[in-house]
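The chain contents come next:
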Amino acid sequence: MKAIVNVFLKNGVLDSQGKAVLHALSGHGFESVRDVRVGKQIIIELNESDSATAKEKVAHMCEELLANTVIEEYEIEIIS
Amino acid sequence: MSAKIKVGIVQFPGTNCEYDTQHAFDALGCETVILWHKEDAIPDGTDLVVVAGGFSYGDYLRSGAIAKMSPIMKALKQYANNGGKVLGICNGFQVLTETGLLPGALKRNEGLHFISRHHHLKVISNDNTFLRHCEANEVVNIPIAHHDGNYYIDDQGLKELYANHQVLLQYTDEKGNIDNPNGSIDSIAGVCNVAKNVFGLMPHPERAMESLLGSHDGRRMLEGFLSA
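In order, the protein sequence lines correspond to chains A and B. Here my numbering is used: the first residue of the first sequence is -11, the next is one more, and so on. Here my numbering is used: the first residue of the second sequence is 1490, the next is one more, and so on.
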């Protein structure tokens, strides 16, 4: 079983990297770009058979290590 | 002074300011020991633990994030919760916020550049061990060297910091006017916990010990830990 974790800065926490990419894209003529957020993706292979259990464990990993919930939020997708 | 002050300096893989820090506390007459991160106890009789600067675990995932999982951090938490004094400098500050011993978090610098230069700082709260030899509103000159020094805390947390005198230092110019190098909320450069036994700052007082090297302002800060 595989878990895909996406971690982003929370709304309201300034994403400086996203802003820099936004300005770079706008400056290169991609005028329709309205906003950019930069985050990270963590792909985890697990020895689990139940997707609910897997999701619960990965959520625990996010709270303990993978995300800093003071500034970041996370999404988990389980692929069996 | 009777017995020497005992200072433990935490070393993770990637820490690189531990020997500068040791040199600084040795120069102040302390007994110093480097504590490898695999150790699971803080030595008896330790008066201060310093989490030194550097790039623990290569800053992988987030600065300070992986270091918080090291065995010594469990012991350090217990030490701090029992009132033991802890100072986190630069990456050490990041480790202490990641661990939850200090409030807030350190983000990537707003300008996205690594910044390495001397910077002026204004002393905000000095009713604590660390800054008791500095005057409130005094401006000091201390080197900064970081990529992730952009201090963040939510509005409620910020109010609590001021109400409890937990804001230690702000980045300013030499006259004490706000001069924010990295986008930190309220230009905050260092904070302490509510109990005022855990301190963290991005600037490096251990690099400001000799006038010959640009500033000796760090000396008075570290001297705050010299007597109980």
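Treat each hint with caution, since some may be false.
List of simulated lysine-lysine pairs, DSS-like, C-alpha gap at most 27 Å [said to hold, decoys possible]:
id: 1; chain 1: B; residue 1: 1648; chain 2: A; residue 2: -2
id: 2; chain 1: A; residue 1: 28; chain 2: A; residue 2: -10
id: 3; chain 1: A; residue 1: 45; chain 2: B; residue 2: 1563
id: 4; chain 1: B; residue 1: 1685; chain 2: B; residue 2: 1566
id: 5; chain 1: B; residue 1: 1493; chain 2: A; residue 2: 45
id: 6; chain 1: B; residue 1: 1527; chain 2: A; residue 2: 45
Below, a sample of chain B positions facing chain A; criterion: calculated Cβ distance under 8 Å [what the hints assert, rightly or not]:
id: 7; residue: 1551
id: 8; residue: 1554
id: 9; residue: 1558
id: 10; residue: 1683
The hints are simulated quantities; they were obtained by calculation from the structure and are not laboratory data. Note that the Cβ used here is the ideal one computed from N, Cα and C, for glycine as well.
Quick rundown of the hints versus the structure:
no.	hint	verdict
1	B/1648 to A/-2	holds, 20 Å
2	A/28 to A/-10	holds, 16 Å
3	A/45 to B/1563	holds, 22 Å
4	B/1685 to B/1566	holds, 14 Å
5	B/1493 to A/45	violated, 47 Å
6	B/1527 to A/45	holds, 26 Å
7	1551	holds, 6 Å
8	1554	holds, 6 Å
9	1558	holds, 7 Å
10	1683	violated, 16 Å
Violated hints for the displayed structure, listed by number in ascending order: 5 and 10.
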